[in-house]
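Asks: Mapping of the sequence shown onto full-length UniProt numbering: position 677 corresponds to residue 677, and the numbering continues sequentially without gaps.
Just so you know, the hints here were simulated from the structure itself, not pulled from any lab data. Treat the hints loosely; a few may be bogus.
Cut-off 27 Å, straight-line C-alpha distance, at most; resulting in silico cross-link-like pairs (BS3-like, lysine-lysine) [to be verified]:
| # | residue 1 | residue 2 |
| --- | --- | --- |
| 1 | 476 | 444 |
| 2 | 141 | 117 |
| 3 | 301 | 290 |
| 4 | 648 | 579 |
| 5 | 117 | 147 |
| 6 | 312 | 301 |
| 7 | 606 | 641 |
| 8 | 476 | 521 |
| 9 | 467 | 279 |
| 10 | 641 | 652 |
| 11 | 301 | 367 |
| 12 | 579 | 661 |
| 13 | 281 | 301 |
| 14 | 606 | 467 |
| 15 | 301 | 272 |
| 16 | 272 | 367 |
| 17 | 641 | 579 |
| 18 | 467 | 281 |
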Amino acid sequence: MSQILRFGIFKHQIKVPCSRLCLYTLPLVARTEQSSTPLVKLKNKCRWSLYRRFTIANYCSGRGSGASSHNNPNRLNRYPLITGLLSIFFYGVAYQLISSVPDIRRISFEELVSMLKKGEVRCIETNNTGYVLIHRYEIGKPPVSFKLTTSLEEFVSGLRSLENMLGIEENDRIPVYEMLNSFSDRLLQDCKRWLIALLLSASFLLLLFSIKESPLTDKLLNKTFPSRFKNTPSTNAPPPKPSGSSNDSENDRFPFRPPFHWDPFSGFNTIKLTTTTVKFKDVAGLHACKQEVMEFVSYLKNPQKYQALGAKLPKGALLLGPPGTGKTLLVKALANEAEVPFFSMAGPEFVEVIGGLGALRLRQLFKVARSYSPAIIFIDELDSLGRRRDSADSGRSGKGGGRGGGVSEMEQTLNQLLVEMDGMDTTEDVIVFGATNRADLLDKALLRAGRFDRHIFINLPNLAERKEIFAIYIAKYRLAPDVVQDELVERLSGWCPGMSGADIARLCNEAALSAARRDDKMIGVTKADFETAFERILAGAAKRSNPLTAAERHMSAVHESGRALVAWLLPRSGLLPVKISIIPRTVSGPDTVGDLGFTQLISEEKYLLNTDDLADRMAVLLGGRAAEQIVYNAVSDISQKYIREASKLAMKQVRQFGMSKTIGNLSFNVSLPTAMKYFSYYLEFHFDS
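Working from the sequences, and respecting the hints, build out all of it.
Replies: Pasting the structure below:
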């Protein structure tokens, strides 16, 4: 009975029909899962509300908490949008007001006299501001101003005296008009200045409000959109923050929120796991490197074995080697074999963001990796993050490639990496791998014991490893029926000394593309396709649109034949001629400019070269030029590339290898700039002689 009386009192106070009130209260009873509801409390909450019906319906339907709508991440915040647009509008109005003010240049008295002599002055206006406005005859030229240092009468008398000295007649004298500014004009100018300042200030404040959460924002939002039940707990509580999210407590040092909840840093909010399906059997060659990384696999699978012996695994390992040798592929296979979480990021991802956020992202990476322990962190292109912090490299570009003075973003991120690796415990089971092809640029603090103290060198594949790589890649393509895979692998692996795994993959793909371009009915990739792809990579694509003349073809044939003949007659050079072509080639690199043909030479895999070997190789490079001299009694510019290569080889023989009898057993770095050479000019003279 008491509930019915309360219901009647409440109905009378809020002044709504009984049917509508029941429609509002029945969902409330069902929502609270009780037989009755203390409606007096609800009446007290709605007593001073201007939106009673809306508030009751919103509360009964479960949307009573305004905070729940604000916590919805998919909700578009309209207030930053409105304030941002108003800020742009006010700024545009202020810009129009500023641009409407003419830009009047001030001149000196000497310039005024010069203008009078040239007859450029049309008239002069004066006012009570202490300035005179000088109008010119030229159309489109704005007027200039001159500040009076004397009274107006003295200025006019001095102007007339100057006109008399210049011989200007009475009829041609410059008229002087006195324009007095009224009170309304001065008031209009003052209002215009104040309006510009007010608009700029309002634009700045609105821009701040649009990017920053503040109590004023919530207050204005509550006045605009009714929500009176702030203390009511929300039924849709926001999910807990994931570990590593950019909303963590350590991000509270950046108390800003971009407008409209827009994230300007793609992929910055969370650190995600990298999925990999690569296994060791998919990595051809690299047998010695696999044995070294298998130690990490064993530790991650069974760390108790090492901890019982007191052994501590290195905190980090550095993979060194030329580009395309499989450093990233090896780490992915390691993570897959060890069955541990794998986090892979590139060095530029830490430094290509706003200052200070690179170090923050690095902290998040290590924090998430520790939460997934055991785990592997892989940082590719480590040289972009860990360059030396020498004072010589910080202010100017040098060997270390400094990027400017002061503490740069790269140095802050590097310091954070050093701190994180120092704070790592061997019991955390988090191993950091880094990959670079410029180990000479790395900071020494990264290479000391306790950080990247395990160095794994990955060289270019040898003959046996190239066979394995070719076998893996060729098996992915459909070969022609007359092609025997083993014979093709044997042949191609001998043709490609010095090629990396990435180069071999490119060669196989170019062969498949060449097969797709053919119009014949042959199905599959043939040997000719692989030869065409090899020539395309080695010397560039064939250029048939600009054929050579008969004389040019003959000279090209003589030049290439001379190189091939010298290489055949000098076996100590380690170069075996396989094919000669006089088809012009397009530019495929800096060393193929102007090539009218090429000679395919297979080089022997030799790791040591003596003076005779170097002399034979230089003879092969100059063999084409010698053939031109014998046949034509003249030489052409077709051999410029080979002369350049022979000069570099001779320079290394004298400066680096210490094979000169005049210089003696001395070795110097040829790549050093002139300012850092540590030998005398006398010795440099002997180098060049």
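Asks: Are the Cα positions of residue 641 and residue 579 separated by 27 Å at most?
Replies: 19 Å, holds
Asks: CA of residue 606 to CA of residue 467, is that 27 Å or under?
Replies: 18 Å, holds
Asks: Decide if the proposed pair is consistent with the structure: residue 141 and residue 117, CA atoms, cutoff 27 Å inclusive.
Replies: 18 Å, holds
Asks: Does the structure keep residue 467 and residue 279 at a Cα separation of 27 Å or less?
Replies: Cα-Cα ~19 Å, so holds.
Asks: Taking 27 Å as the top limit, are the C-alpha atoms of residue 272 and residue 367 close enough?
Replies: Given that 27 Å is the threshold and the Cα spacing comes to 12 Å, the pair holds.
Asks: Please work out if residue 579 and residue 661 have their alpha carbons no farther apart than 27 Å.
Replies: Cα-Cα ~38 Å, so violated.
Asks: Given the hint that residue 312 pairs with residue 301, does the C-alpha gap stay at or below 27 Å?
Replies: Holds, at about 15 Å.
Asks: Can you confirm whether the C-alpha distance between residue 467 and residue 281 stays at or below 27 Å?
Replies: 14 Å, holds
Asks: Between the alpha carbons of residue 606 and residue 641, is the straight-line distance 27 Å or under?
Replies: Holds, at about 23 Å.
Asks: Does the structure keep residue 641 and residue 652 at a Cα separation of 27 Å or less?
Replies: Holds: residue 641 and residue 652 sit about 17 Å apart, inside 27 Å.
Asks: Please verify whether residue 476 and residue 521 have alpha carbons no more than 27 Å apart.
Replies: OK: residue 476 and residue 521 at ~21 Å, within 27 Å.
Asks: Checking one constraint from the list: CA of residue 117 to CA of residue 147, max 27 Å. Satisfied?
Replies: Judged against 27 Å, a Cα distance of about 20 Å means the pair holds.
When held up to the earlier numbered hints, the structure conflicts with 1, 12 and fits the remainder.
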